[in-house]
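A.B. asks: Residue-level listing of the chains:
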Amino acid sequence: MNPRRKKRMMTVLAVVFGLGTAVALVLYALEGNINLFYTPTELVEGKGPEKQKPFVGQKLRIGGMVVPGSVQRDQDSLHVEFKLMDTGPTVKIIYQGILPDLFREGQGIVAQGKLIAPNTIEAFEVLAKHDEKYMPPEVAEAVKGIKHEKPVYNTVKGDS
Amino acid sequence: MIPELGYISLTIALGLSILLCIYPLWGAYTNNLRLMRAAPALALGQCVFVFLSYAALVYASLTDDFTLVYVASNSSSSLPWYYKITSTWGGHEGAMLLWVVMQAGWTALVSISSKSLPWPLRARVLGVLGFLGVGFMVYTLLMSSPFESLLPYYPVEGHDLNPLLQDPGMIIHPPLLYMGYVGLSVTFSFAIAALLTGKLDNTWAKWSRPWTIAAWLFLTLGIALGSWWAYSELGWGGWWFWDPVENASLMPWLIATALLHSLAVTEKRGVFKSWTVLLAIAGFSFSLLGTFIVRSGVLVSVHAFTTDPGRGMFILGFLAIVVGGSLALYAMRASKVNSAGRYRLFSREVALWCNNILLCVATLIVMLGTLLPLVHKELGMGSISIGEPFFNEMFSYLLVPFAFILGIAPLLRWKQNKFNALQSKLALVAIISIVITGAWLYSSYDFVAPITFMAVLLAVWVFVSTLFDIVEKTTKQTSITLGLKQLTNSYWAMVSGHIGFACVVMSVALTSAYSVERDVRMHPGEQVQLNGYEYHFDGIKEIIGANYTGHAAVVSVHSEGEKVAELHAEKRRYNVGMQFMTEAAIDASLARDLYVALGEQLNDGAWALRIYHKPYIRWMWLGGLIMAFAGLLILLDKRYRGTSSAEQRQSGKIKTVPSAEVQL
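Residue numbers (our numbering), protein chains in the order written: chain A, 1 to 160; chain B, 1 to 664.
Keep in mind that the hints are not guaranteed to be accurate.
As a list, the in silico PhoX-like pairs of lysine-lysine whose alpha-carbon atoms are at most 25 Å apart [stated by the list, open to error]:
(1) K473(B) to K7(A)
(2) K541(B) to K47(A)
(3) K563(B) to K541(B)
(4) K59(A) to K268(B)
(5) K51(A) to K377(B)
(6) K377(B) to K53(A)
(7) K7(A) to K47(A)
(8) K7(A) to K336(B)
(9) K268(B) to K377(B)
(10) K425(B) to K6(A)
(11) K425(B) to K377(B)
(12) K7(A) to K415(B)
(13) K114(A) to K92(A)
(14) K268(B) to K473(B)
(15) K114(A) to K377(B)
(16) K53(A) to K92(A)
(17) K51(A) to K92(A)
(18) K268(B) to K336(B)
(19) K47(A) to K59(A)
(20) K473(B) to K415(B)
(21) K377(B) to K418(B)
(22) K6(A) to K415(B)
(23) K199(B) to K336(B)
(24) K115(B) to K199(B)
(25) K541(B) to K268(B)
(26) K473(B) to K425(B)
Hints are computed from structural coordinates only; laboratory data are not their basis.
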């Protein structure tokens with residue numbers, strides 16, 4: 001091979017090697033950080049056609065409405081427990097910390113955490129959207145059974 | 001009446017921009033000078049009518065015209081006047097109109113300051129800008145008009161502006177970002193025009209460079225401001241969430257950063273030409289992709305703009321036309337572009353090539369993490385989310401080679417370098433960096449994680465090597481003042497950009513590693529210790545604002561017996577929307593931020609409080625400013641000034657495109 005070809009060969013090899021490493025690293029990092037989303041019904045009865053249930057210890061996200069009257073606070077810490085539901089069974093969420101401003105009973109929220117028992121989740125993050133009109137789209141789908149239901153309730157047609 | 005006029009003038013503007021899209025491009029194709037000459041007038045006319053239209057919306061908002069759906073949903077009569085103005089871009093429709101305003105403004109600016117360009121190129125640039133204008137105006141008029149009326153039944157009071165957006169930072173954040181997004185369309189138009197003309201040379205790079213830098217400058221400021229706003233307004237001290245909307249602004253920024261480095265190579269050395277054109281196309285494409293993500297609502301984010309599949313489809317279609325069309329053109333023309341220069345493996349060109357590759361990889365990673373959940377869902381595999389750790393991990397990997405090369409690149413020469421010549425310098429810089437980092441970290445902290453050490457070391461490495469280069473360059477001359485004089489603006493811009501980057505890396509590393517965060521339950525009168533500071537919860541007081549009421553926790557902070565600060569962490573309740581908002585109280589300094597946010601009231605008179613100690617967090621936004629300053633320095637460079645000073649005054653703060661004559 002002449003020097004120029006050799007140089008090109010080296011460049012191509014370097015690019016292929018770099019790409020390979022990058023892809024491997026990305027896949028590796030992705031593997032640990034994909035959190036599946038469940039609704040309370042899916043969590044209890046299984047998700048999808050195969051009725052796949054999450055295993056205890058799995059990291060996941062759950063979205064649903066806070067069951068009215070279910071919020072229980074600890075007397076001398078920031079420990080709080082509440083129940084989430086959509087159309088079927090309820091799921092218990094345990095959380096330690098300050099709940100977001102828009103957290104209300106009857107409101108839609110999303111919690112991210114670890115499954116510690118078949119229907120109990122220890123959340124490390126509880127999100128209520130900044131918009132009081134907000135309902136997690138997945139929950140809107142589960143509740144209404146319609147895809148892409150526009151999550152706006154107010155009579156005025158408008159945006160956030 | 002006024003809103004109708006606004007609608008009509010936007011329609012007129014659309015008509016003008018359709019002409020702007022057709023006439024000059026056709027004129028350039030048929031070599032008809034008269035048609036080409038129509039471009040500047042059309043560009044200015046379009047700009048005037050778009051501004052009139054926006055003025056109508058501002059007027060409607062200021063006069064509480066709740067017959068408009070937009071004003072009724074985004075404003076209220078009790079809103080202070082300045083928030084009434086900002087409410088015109090607080091909602092989707094108004095934000096799109098602002099986008100159109102920016103697009104028209106940039107187009108007019110290009111038409112004013114491109115007098116020195118040859119007609120075929122000038123006409124094509126303006127024609128492409130006109131085409132983009134048509135796309136956004138059609139979208140605004142058909143899919144998201146802010147002038148839609150509620151007549152005959154309209155509310156007496158508006159829905160109020162989202163309280164989160166009632167903040168000074170929010171007044172300028174969206175316009176800055178839009179300036180950046182839309183600014184990239186100018187670079188894009190230059191690239192397309194150059195491809196159409198078939199003349200891609202150093203001059204092209206020279207013309208595009210100031211526009212790219214201006215757009216990048218606005219993007220940098222916009223992103224830094226957005227991060228600062230999230231930190232001070234969202235009430236839990238986060239400064240970056242890898243939220244789809246943030247990612248939407250980060251992707252064009254990364255590409256623009258790659259682009260301005262690659263433009264520098266193309267301008268100075270005449271290589272990387274077709275690559276630079278590709279980046280210019282990619283930059284604006286990512287702006288559009290970002291708009292699609294934010295506007296279509298396919299991805300839900302904190303920013304919660306409304307979801308509307310119809311809107312999404314329109315933007316997706318437009319995106320397909322713009323990206324598809326420009327890539328097809330690129331495929332046809334790029335093969336004719338020759339890069340003349342030669343360079344060796346160990347040269348500045350290769351270092352900058354690495355910079356470009358790494359920035360593109362970073363962009364792809366952000367894109368993957370942002371779009372994968374969408375793809376996953378559309379394939380029927382269920383909803384997923386990709387956690388922050390994914391992005392953090394990937395960016396840590398990328399940072400190592402990126403910052404390492406960044407430290408070496410300025411010391412390298414163009415074309416080729418002998419490794420031996422640099423060996424001792426690099427070793428010296430490395431040793432100094434390791435010593436400084438070690439001394440600093442181990443004297444201040446009991447525990448230093450390897451990743452923190454690495455990140456800070458890289459920041460220091462960039463810093464030291466930059467300083468080293470300045471010292472070396474200045475001491476070569478007979479006197480230091482002479483040496484300093486001889487350094488150009490663009491050299492100082494590089495210094496400032498790199499130092500800014502080092503500040504951001506340092507701040508992110510130290511804040512992530514040494515922030516102390518505590519959520520506590522406190523009764524008035526109680527106190528808590530955190531990182532050497534004592535927080536006394538003195539009590540709760542009532543507060544009444546213009547359009548809200550609420551409580552403020554009074555927290556006094558003591559250190560070594562002395563009072564350091566008194567913080568008022570507020571919890572506001574906005575009267576109209578009945579929304580709650582946490583307004584964190586922050587005692588800021590360069591070394592640390594003390595951050596207190598008020599949570600909810602618990603039973604028996606206790607309150608939940610969130611208390612944070614965040615070291616060096618200010619440097620993140622300061623670093624952003626220092627980086628942005630780099631852009632300003634280049635824009636002020638003599639090389640990019642226009643032919644006449646009168647022309648310069650006209651063009652305002654953005655410097656004119658260099659003339660063909662003043663090629664230095």
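A.B. asks: Could you tell me which of the hints above the structure violates, numbers in ascending order?
C.D. replies: 1, 2, 4, 7, 9, 10, 11, 21 and 25
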